[in-house]
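Peer 1: Modelling step: build the complete structure from the supplied sequences, incorporating the hints.
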Amino acid sequence: MSGSRSKSVVLWTLVTIALVTLSAPTVVVLGASFTGGNIITFPPDGLSLRWYARISQASDLRNAFLRTLHVAAVCTIVAIPVGTLAGIALAKYAVRFEKTIQIYLLLPFTIPLIGSGIGLMLIFGNAGILGQLWPVGIACCVINLPFMIWAVTASATGLDPDLELAAANCGAPPLQVFFSVTLPAVMPGVITGSLLMFILALNEFLVSLLLVDARIVTLPVLIYNSIRSIITPDLAAISVVFIACSAVAVFLLDRLVGLDIFLKSK
Amino acid sequence: MRAARTAYPLKWRIMDALEGVAAAIWPARFRRATPYLMLLPAVLLVGLLVLGLIQIADASLRTLDTTTFQFSDDYSIANFRRALTEPLFLVVAQRSLIAALIVTAVTLVFAFPYAYLMVRTRSPGLRKFLLIALFLPFFIGQVVRAYGWLIILGNQGMVNEALGLVGVAPMRLIYNYPAVLFGLVQYMLPFAVLMLAPALTAIPEELEAAAGSLGANWVRTFIHVVLPLARPGFIGAGVVVLTLSLTDFAVPAILGGGSHDFIANAIYDQFFRTSDQGLGATLALMLVALGSILVGLVFALFGAGTLAMGRSRA
Numbered sequence: 001m002s003g004s005r006s007k008s009v010v011l012w013t014l015v016t017i018a019l020v021t022l023s024a025p026t027v028v029v030l031g032a033s034f035t036g037g038n039i040i041t042f043p044p045d046g047l048s049l050r051w052y053a054r055i056s057q058a059s060d061l062r063n064a065f066l067r068t069l070h071v072a073a074v075c076t077i078v079a080i081p082v083g084t085l086a087g088i089a090l091a092k093y094a095v096r097f098e099k100t101i102q103i104y105l106l107l108p109f110t111i112p113l114i115g116s117g118i119g120l121m122l123i124f125g126n127a128g129i130l131g132q133l134w135p136v137g138i139a140c141c142v143i144n145l146p147f148m149i150w151a152v153t154a155s156a157t158g159l160d161p162d163l164e165l166a167a168a169n170c171g172a173p174p175l176q177v178f179f180s181v182t183l184p185a186v187m188p189g190v191i192t193g194s195l196l197m198f199i200l201a202l203n204e205f206l207v208s209l210l211l212v213d214a215r216i217v218t219l220p221v222l223i224y225n226s227i228r229s230i231i232t233p234d235l236a237a238i239s240v241v242f243i244a245c246s247a248v249a250v251f252l253l254d255r256l257v258g259l260d261i262f263l264k265s266k
Numbered sequence: 001m002r003a004a005r006t007a008y009p010l011k012w013r014i015m016d017a018l019e020g021v022a023a024a025i026w027p028a029r030f031r032r033a034t035p036y037l038m039l040l041p042a043v044l045l046v047g048l049l050v051l052g053l054i055q056i057a058d059a060s061l062r063t064l065d066t067t068t069f070q071f072s073d074d075y076s077i078a079n080f081r082r083a084l085t086e087p088l089f090l091v092v093a094q095r096s097l098i099a100a101l102i103v104t105a106v107t108l109v110f111a112f113p114y115a116y117l118m119v120r121t122r123s124p125g126l127r128k129f130l131l132i133a134l135f136l137p138f139f140i141g142q143v144v145r146a147y148g149w150l151i152i153l154g155n156q157g158m159v160n161e162a163l164g165l166v167g168v169a170p171m172r173l174i175y176n177y178p179a180v181l182f183g184l185v186q187y188m189l190p191f192a193v194l195m196l197a198p199a200l201t202a203i204p205e206e207l208e209a210a211a212g213s214l215g216a217n218w219v220r221t222f223i224h225v226v227l228p229l230a231r232p233g234f235i236g237a238g239v240v241v242l243t244l245s246l247t248d249f250a251v252p253a254i255l256g257g258g259s260h261d262f263i264a265n266a267i268y269d270q271f272f273r274t275s276d277q278g279l280g281a282t283l284a285l286m287l288v289a290l291g292s293i294l295v296g297l298v299f300a301l302f303g304a305g306t307l308a309m310g311r312s313r314a
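For the protein sequence lines, the chains are Y and L, in the order given. Quick note on numbering: UniProt numbering labels position 156 of the first sequence as 156, and the sequence is numbered without any gaps. Quick note on numbering: UniProt numbering labels position 228 of the second sequence as 228, and the sequence is numbered without any gaps.
Since no wrong hints were added, every one of them can be taken at face value.
List of simulated lysine-lysine pairs, DSS-like, C-alpha gap at most 25 Å:
| no. | chain 1 | residue 1 | chain 2 | residue 2 |
| --- | --- | --- | --- | --- |
| 1 | Y | Lys264 | Y | Lys92 |
| 2 | Y | Lys99 | Y | Lys264 |
| 3 | Y | Lys7 | L | Lys128 |
| 4 | L | Lys128 | Y | Lys264 |
Heads up, incomplete: computed chain L residues facing chain Y, CB under 7 Å, no partners named:
| no. | residue |
| --- | --- |
| 5 | Leu49 |
| 6 | Gly52 |
| 7 | Pro137 |
Just a few of them, taken from the derived set where beta-carbon distance is under 8 Å, the chain L residues facing chain Y:
| no. | residue |
| --- | --- |
| 8 | Pro35 |
| 9 | Ala42 |
| 10 | Leu131 |
| 11 | Gly148 |
| 12 | Pro198 |
Please keep in mind that the hints were generated in silico from the structure rather than gathered at the bench. By construction, the Cβ of each residue, glycine as well, lies at the ideal position given by its N, Cα and C atoms.
Peer 2: Shown next, in the form of C-alpha cells:
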C-alpha cells in the first residue's frame with residue numbers, strides 16, 4: 001500500500017473502530033463465561049470454571065446442542081451433492097435460460113428469511129412433518145444453498161475442459177471422468193461451501209425458531225429464549241461453544257483452502 | 001484366480017458396475033441434457049421456497065373470523081387493506097426502511113477501508129489477522145453476538161458499571177433505536193467486507209500509483225479511481241446489507257427489547273401472538289415484494305455487481 005501519512009491515519013482509525021466493534025461481543029462473552037460471581041459484573045468477581053461445570057451437567061443444553069449438530073449435519077449432507085452438481089453445471093456448460101436459472105437459484109437470498117421460514121413452516125405443517133429435526137436441516141440447506149453453489153462456481157476456474165476431454169480420450173467413462181478429474185478440480189470450492197453450510201446451519205436462528213417446537217429447540221433458539229428472561233453467566237458459557245465452533249471453522253477453512261480465496265476477484 | 005483379482009481390483013469392478021447403471025439410465029444420447037439433470041436437485045430444493053410463497057399468498061387472502069377463530073374459505077383482499085391502513089404497520093415499515101438505509105450507509109463507510117487495507121497491505125500477517133477478525137464473528141450467530149452486546153451495554157452492563165465507578169449515573173444504552181442500528185452494523189460488516197474485497201482485488205494497484213504520479217493526492221485518487229472501479233463491490237455489498245437489515249429479526253428483538261420492532265418481528269407476532277395467520281402472511285408477502293423491488297431496482301440501475309454467479313466472462 002502506498003500513500004501519505006494522513007491516508008494511513010484515516011484508514012487505520014476506521015479499521016480500528018471496525019475491529020473493536022467486530023470483536024467486542026466475542027471477547028466479552030469469553031470473559032463473562034469465566035466469572036466467579038453469580039451475575040456478570042464489571043470488573044469481574046474473580047475467575048472460575050464453575051459455569052462450565054454447570055453447563056456440562058445440564059442435559060437440556062447438551063441435548064439442544066446435539067440437536068443443533070444434527071440439523072447442521074443434515075443441511076451439509078444435502079447441500080454437498082445438490083450444490084456441487086448445480087455449481088459445476090453453471091460453471092461448465094452453456095445452459096439455456098442461464099440468467100433465469102441463476103436468478104431462480106438466488107431466490108433463497110432475495111426472499112427475506114422470515115418469508116422463507118414462514119413459507120416452509122406452512123408447507124412442512126401441511127405435510128405433517130413439523131416437530132422433527134430433518135425438515136429444519138432441509139430448511140437451513142435451502143436458505144443457504146447459494147453459498148454452496150457460489151463456492152463451487154468460484155473454484156471452477158481450476159476446471160480445464162481439456163482435461164476432461166483428455167480423460168475421456170484415454171477411455172475413461174463419464175462417471176470416472178467426473179470423480180477423477182472434474183470433482184478434484186472443484187474440491188476447494190466443495191470444502192469451502194460445506195464448511196459455510198455447516199457453520200451457518202449451526203448458527204441459524206430465525207428459521208429454527210419458526211420450525212421447532214418446545215420439544216426440539218436448537219441451541220440458538222434456547223439461548224434466545226433464555227436471554228429474554230435473565231442474563232446469567234451460564235449463558236455466556238454456552239455461547240463459548242459457538243465461539244469455539246467458529247474458531248475451528250475458521251482454522252479449518254484457512255488450513256484446507258486458505259482464507260485468501262475470499263479476496264480473489266472472479 | 002488370485003492373480004486375476006489383483007489385476008482387476010474391487011474398486012474397478014464397483015466403478016464398472018456404476019458406469020453400467022449410469023449408462024443404462026442415462027445413455028450417451030441424453031448427453032446434451034446432462035447439465036439440466038445436474039441442476040435439477042437444486043431447482044427442486046429451491047422450489048420448496050416457491051411452494052412456500054404460494055402457501056403464503058393463499059393464506060394472505062383468507063381473513064380471520066375473530067368470533068370462531070376460523071379462516072374464511074373464500075378469498076378477499078381485506079388483509080391487504082388492513083396492512084396498508086393500520087398506522088402500526090406503517091410505523092414499523094418506516095422504521096425498518098430508514099434503519100436499513102442508515103445501516104447500509106454506515107456499514108459501507110466502515111467496510112470499505114477494512115476491505116481496502118486487507119487487500120492492499122503488503123504484510124501477509126496483517127491480512128490474515130484482518131480475515132480472522134472478520135470470519136470469527138461472521139461464524140458466531142446473531143443471537144450470541146447480541147447477547148455479548150447485552151453484557152456490554154445492558155442496564156447493569158459493563159459500560160454502566162464502569163461509568164458508575166467514576167460516578168456517572170447509569171444510562172439506558174439498550175432497548176433503543178441507536179442500539180438496534182449499532183447491532184445491525186456490527187452484524188453486517190463481515191458481509192459487506194466480503195462482498196467488497198473481490199472488487200478491490202480486481203483494481204490494479206498501478207492505477208493508484210499512476211494517479212499519484214500525475215499529482216492526485218490520496219483523497220482524489222480514491223474519489224476518481226478506486227471508488228468508481230469498486231462499484232460492482234459497492235452494489236453487491238449495498239444490496240446484501242440493505243435487504244438483510246430491512247428483514248432482520250434477531251437484532252431488533254434482542255437489542256430493541258420489543259419496542260423497536262422491524263417488519264419481521266411484526267410478522268412473527270401476527271403468527272405466534274395474535275395468531276392471525278392471514279394478516280401475518282399478508283405482511284410477509286408485502287415484505288418479499290418490497291425486498292424484491294429494492295433488489296430489482298438496484299440491479300436495473302447498476303447491474304448485478306459482485307452478486308453474479310456462474311461462468312466468468314472476463
